[in-house]
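Q: Each chain is listed here by its residues.
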Amino acid sequence: MATHSRRIGDQPWVRRSLIGLALMLTLILLVIPVVVIFAQALSAGWSTLASNVMDEYTLDAIGLTLFVAALTVPLNLVFGTALAWSVTRFRFPGRKLLITLIDIPFAVSPVVAGLLYLLLYGRNGWLGGWLSSYDIQLMFAWPGIVMVTVFVTSPFVARELIPLMQQQGSEEEEAGVVLGASGWRIFRKITLPNIKWALIYGVVLTNARAVGEFGAVSVVSGNVRGETNTLPLHVELLYQDYNIVGAFASAALLAAIAILTLIAKAFVEWRQARTEHATPAEGGV
Amino acid sequence: MKHLFKGIALGAALLSTQPVLAADRELLNTSYDIARELFAAYNVEFAQHWQEKTGETVEIKQSHAGSSKQAQAIIQGLKADVATFNQVTDIDILHERGKLIPKDWAQRLPNNSSPYYSTMAFLVREGNPKNIQNWDDLIREDVQLVMPNPKTSGNGRYTYLAALGYAQERFGDDQEKIDQFMADLLGQVRVFDSGGRGATTTFVERGIGDVLLTFESEVLNIADRFENGEYVAVTPKVSFLAEFPVTLIDEYAEQNNNSELANEYLKHLYTEDSQRLLAGFNYRVHDETVKAETADRFPALTLLSIDQIAGGWKNAMNTHFSSGGKLDQLQRRR
Amino acid sequence: MSTSAQAGAAPVRRFASRSKRVLPGFGLSLGISLFFVSLVLLLPMTGLVVETAGMTLDQFWFTITDPRVVESYKVTLWTALAASLFNGFFGLLLAWVLVRYEFPGKRLIDAVVDLPFALPTAVAGITLATLFAQNGWYGQWLLKAGIEVAYTPIGIVVAMAFTSIPFVVRTVQPVLEELSPADEEAAVSLGASDSRVFRKVIFPSLWPALVTGVALSFTRSLGEFGAIIFIAGNTPYISEVTSLMIFIRLQEYDYAAASAIASVVLLVSLVLLFAINLWQGRYLKRLEGR
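Residue numbers (full-length UniProt numbering), protein chains in the order written: chain A, 1 to 285; chain B, 1 to 334; chain C, 1 to 290.
Worth flagging that the hints you see were computed from the coordinates, not collected in a lab.
In this text, a Cβ means the ideal position worked out from N, Cα and C, and glycines have one as well.
You may find that some hints are simply not true.
Under the rule of at most 20 Å between Cα atoms (straight-line distance), these lysine to aspartate or glutamate pairs were calculated in the EDC-like manner [said to hold, decoys possible]:
id : chain 1 : residue 1 : chain 2 : residue 2
1  : B       : K69       : A       : E227
2  : B       : K69       : C       : D254
3  : C       : K106      : A       : E269
4  : B       : K61       : A       : E227
5  : B       : K69       : B       : E45
6  : B       : K61       : A       : D55
7  : B       : K99       : C       : D254
8  : C       : K200      : A       : D10
Distance windows between CB atoms, simulated [what the hints assert, rightly or not]:
id : chain 1 : residue 1 : chain 2 : residue 2 : range
9  : A       : L21       : C       : L81       : 20 to 30 Å
10 : B       : A40       : A       : N194      : 50 to 60 Å
11 : C       : T46       : A       : S17       : 31 to 41 Å
12 : B       : P129      : A       : M24       : 18 to 28 Å
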């Protein structure tokens, strides 16, 4: 609580100018574009917005989008955590390669990713041909949409966890082993509290991207209205209808879903901070 | 993670709200991206017709996307009963790659299986300040164009071919002059949007360019939409016959037990009432009565077919639009 | 780790941890990871190989060195570089401000950072085009300054920067949070200037995360399509990106050519990322050994 600066960048003028610059850039580059989306959605009034949102096909699209995200997030949560655990707690040949491979989805254009799934699981694909002989159709139905969404969002949880777990090291967990704790208990009691925030970030990002994915999904969806049309595809469809207000209404919905997720995250953080308030805070923030 | 479970619950709830009152029959129509309103109107009319005829209720599902993408999806297993596209080549590929339809699909219905058609036209700004009347006006230095990309959009290819048709009429056999004209025209393009609607938006909403080159139906739609003459439609005297082909997808319709229904769905497009409905969406039609009714809206033009301009679609794709083809040569950096 | 013979120490350490894995769950976690990586990531990638395998080497070379495609590589590379460098600066600033300071609206900013991931890229593209077009809120002002953004390569930079900004913030932020204040406080109390402390104490710890963030931002930009096509203008040789070239080949049903060009982008990205992972490992080791 002393008035002299103990950490760098605490002088008022530095702080003010950095915050000012950050606020300004965020406003210009992130906030105003979102404001534009909401402004466009509302440009024909609230009642139009309401009727756009309550449209039968829009509701179907919202349902499908949430359903896909709800399947994608747990899958990638398990994968991301397992991967981060294996590559940060153990050394084995091919470890660096494995870390690099999980970035494939960042390096592949989503449209190409969708196409690759289509070529593999589609009617003429070698796997798809075999599956269709058992009357299983994955593409142009919700399983296909989930598959490509899992692909596109797979790096997020792992990418959040790896640098953090690398930095933290494994001494605490090793101590746990010495004290005879089970693996699951070590993970829950030692690792999880340490990586909780990164994990939540990862989930938030995965969820956000899963909700918003367009390119890959559009290739495998078949775009059947009311059945395989996700919200981002619905935006595109309305835009193609020259129904710009309607398109932005759906886009605003997507933004709203994202904002709600982020508010939920902030709320959890805030409660966490309050419970920790009794004990002296450990460094920073 | 609470929101997650909420998402599941909400998602499940919404998915289960899908209409319980299932129709007797279902039909899936795959169509191009900007045809939603058209088929939304037609489907109602057809469902009524089918019920009168057979007593069955029918629900028609619609899938809309760029027609090349739709063709790829159908080949890879999207079980659509009919395709209603805006590019002949995208239906041809259903035979070539997928063997889903016979080779002579175009002969199965009148007018090359194209119940309606359009042509390429210009949209200019209020009062036509640059005085655009014909293709020649587009290559003036002071005129900026907006058009869809011929590489990614059928609309763009049609525009290219329309200009080419005009140049051939004007310069005859002088290939050098034709090439020069085409290169000049492409050189005046300010924005190549990836699709037709994107080009419209660029021109109308962003205020870019002096002329929008696109389908006549699109041009008339926009001119109608803005009631105070903000935009003026200009249809050149010589242009391209842009067909909107339809086909039954034999293999899938059979699997879905829908052949008869699907056939009727397409044939019904040629009836007088349907043709009137299509004309209402600013497409040109073949029905003589409807033609007479809408004559003032659709002035008579010289419409060149793909055979006249480039000797068929296959040839056009190979010589003009394939990589390293004529279009690539014309767009080479100058 | 106070050993001075780092060169020898590292392998010993690695060997030690390999011979007796203290922590449980190696088999399970690696099993899940490998299963997932193979099934979800690698299996579909075989499609690239299968498609391109149908080409002769000449065809492959001809496809990927087509002059228009080569020009698109150049455009894509420099715009992605500009966008990711900008994001390096902006992302670091944002992460710093979010971790170090309290101010009104902080939670909002923290939340807004992730929005580019949630918006479909096409929506982002349309929105940015609305803002930066000559009749848009920004475009009007920029036009007065003689700068055109929409429908020029600068528009591509803007779209790329927008869609990939969360990468830098979200990679740098946790590391910044975990940074122990002890060294920093010690340095400050010894009278070192702020900029010196930043360079000598903070930056060395931050650097790997920053580079990773910038690299992710860069690779994401290389593949970006949806946001770019709406704002780029797509003029041949000037504002065409490589993803558009891939898209064009797809429209032509030429999967082989599309795969060939896509594989070039993929290879460049992976080599870059792999190099960074290797370098980071070395760098961290050097830090530990210090």
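Q: Would you mind marking each hint as holding or not holding in the structure?
A: Checked hints:
1. B/K69 with A/E227: 18 Å, holds
2. B/K69 with C/D254: 13 Å, holds
3. C/K106 with A/E269: Holds, because 13 Å separates the two Cα atoms, which is no more than 20 Å.
4. B/K61 with A/E227: 9 Å, holds
5. B/K69 with B/E45: 27 Å, violated
6. B/K61 with A/D55: 16 Å, holds
7. B/K99 with C/D254: 18 Å, holds
8. C/K200 with A/D10: 17 Å, holds
9. A/L21 with C/L81: 20 to 30 Å: 22 Å, holds
10. B/A40 with A/N194: 50 to 60 Å: 55 Å, holds
11. C/T46 with A/S17: 31 to 41 Å: Given a distance of about 52 Å, which is not inside 31 to 41 Å, the answer is violated.
12. B/P129 with A/M24: 18 to 28 Å: With a Cβ separation near 39 Å, B/P129 and A/M24 fall outside 18 to 28 Å, so the hint is violated.
When each numbered hint is compared with the structure, violations occur for hints 5, 11 and 12.
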